[in-house]
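J.: Please arrange chain B on chain A, whose structure you already have, making use of the hints.
Just so you know, the protein sequences line up as chains A and B, in that order.
Just so you know, we're using the working numbering here: the first sequence kicks off at 149 and counts up by one.
Just so you know, we're using the working numbering here: the second sequence kicks off at 5 and counts up by one.
Don't read these hints as lab results, they were simulated from the structure.
For each residue, glycine too, the CB sits at the ideal point set by N, CA and C.
Be a bit skeptical, because a hint or two may be false.
Stated by the list, open to error - Going by beta-carbon spacing under 8 Å, a handful of chain A positions derived as facing chain B:
no.	residue
1	Pro150
2	Val186
3	Arg190
4	Arg193
Claimed, not checked - Chain B stretches covered by chain A per the calculated footprint, using a threshold of three residues with CB under 8 Å from any CB of chain A:
no.	stretch
5	10-16
6	117-125
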Amino acid sequence: MPQFDPAVWSPQLVWMAITFIALYLLMAKVALPRVGEVLEEREQRISLSLRRAEDLKHSAEEAVAEYERTIADVRAQALEEVRAAREQAAAEAAARHEELNARLASELSAAEERIHQARSAAVAGLRDVAVIVAAAAVERLVGQKADPGAVAAAVDTSLGEQSR
Amino acid sequence: MANPLHQFEVHTIVPIQIGGIDASFTNSSLFMTIAVVVVTGFLVFSVQSRALVPGRLQSVAELAYEFVAGMLRTNVGNEGRPYFPFIFSLFFFILMGNMLGMVPYGFTFTSHLAVTLGMAVVIFLGTTIIAFAKHGAGFFGFFLPHGTPWYVAPLLVPIEILSYFFRPVSLGLRLFANMTAGHTLLKVFAGFAAGFVGSLGILGIFPALVPMVATIALTGLEFLIAFLQAYVYAVLACIYLNDALHMH
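Just chain A, same shape as in the assembly (with noise of 0.2 Å):
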């Protein structure tokens, strides 16, 4: 085998001292260095963009609950505009129930009086008829004409009977 040949020893620890010096200064000066930079580089860049997205998401997040709270807002200022309104409708027909229960009232009352007039002015026509009435039965049944003062008052008297 030519490996346990000792000729060939000597050369390759030799050359492989000097490739492998050689290798490891290319790889920790130059090579290395080189690869690590980009691979730091590219984290640097991830964390970044990872840091910048949270800062975006902070804002973001905030600027929802600034529009709730707006939305809140407005939406509580509707309410108290709406009931506000329905109030002030409530007290208009409030109003308006009054007015209206007031006039009917007022012309309940005058028709009561218009009908009392009319039921006076009927109860006193009825008088004056009764009375000729009175005055022209005695008239036929007594065959002299009645007093017409003694016939009244006795119409009179018999009415205030009646409408007690």
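T.: Positioned in the frame of chain A, the structure of chain B alone reads:
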């Protein structure tokens, strides 16, 4: 049939002698250099655009980085960070060695004991020095785990010391044996296929199909082993490093 061990032969390309030591540039050296150039070139080129959303090549480079970083983090923890370039270089040096060996006419320098054992010894010495630097004489407590009854100590301590010193041997041998055996096996099966055609002519194609299919299957397996052994080597280096930094 071609010698299946021929692929492991080392040829001198440029003979160099430094102070009586043979430091010739060989085909092994060539592939080590290729590995260094490929790894460095790939990493530098792929992240050149520094894209925020990585393309395919950049994804591979980032994946490689994260893979080794994750390996180091799970096995050693945060104290392992300074050793990241070393573990990364180790993993990709071996991975490239194994993978370049899968290229036809390639040379697998990780199939040479000199290389695998050499790296293992460096790791062994390095972790031992780190352990001494960090724990001083307390390092010797490593050989007597906490809560061991005193009467087992005479038995346990030699075993622990022996197993500690066997670490580089097993580390180096494992990679060497896996690579050598796998590549030899591939070559043997491929050699069968070629042999059938060579001896039986055109009719040899039919019996050659069997070793051919085996070669294809083994090639897939070899790619898996090439990755796995590089991973095992790097993970064990991490574990030794963890022992050195944290003791048990």
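J.: Each hint needs a verdict: does it hold in this structure or not?
T.: So, going through the hints one by one against the coordinates:
Interface hint at Pro150/A: satisfied, since its Cβ lies 4 Å from the closest Cβ of chain B, which is below the 8 Å cut-off. Restraint check, Val186/A versus chain B: the minimum CB separation of about 5 Å is within 8 Å; hint holds. The criterion of a C-beta within 8 Å of any C-beta in chain B is met by Arg190/A, whose closest approach is roughly 6 Å, and the hint holds. With its C-beta approaching chain B no nearer than about 6 Å, Arg193/A sits inside the 8 Å limit, and its interface hint holds.
Residues of the stretch 10-16 of chain B with a Cβ under 8 Å from some Cβ of chain A number 4, which satisfies the need for three, so the listed coverage holds. With 5 residues having a Cβ less than 8 Å from any Cβ of chain A, the stretch 117-125 of chain B passes the three-residue criterion, so the hint holds.
Hint check: no violations occur; every hint is consistent with the structure.
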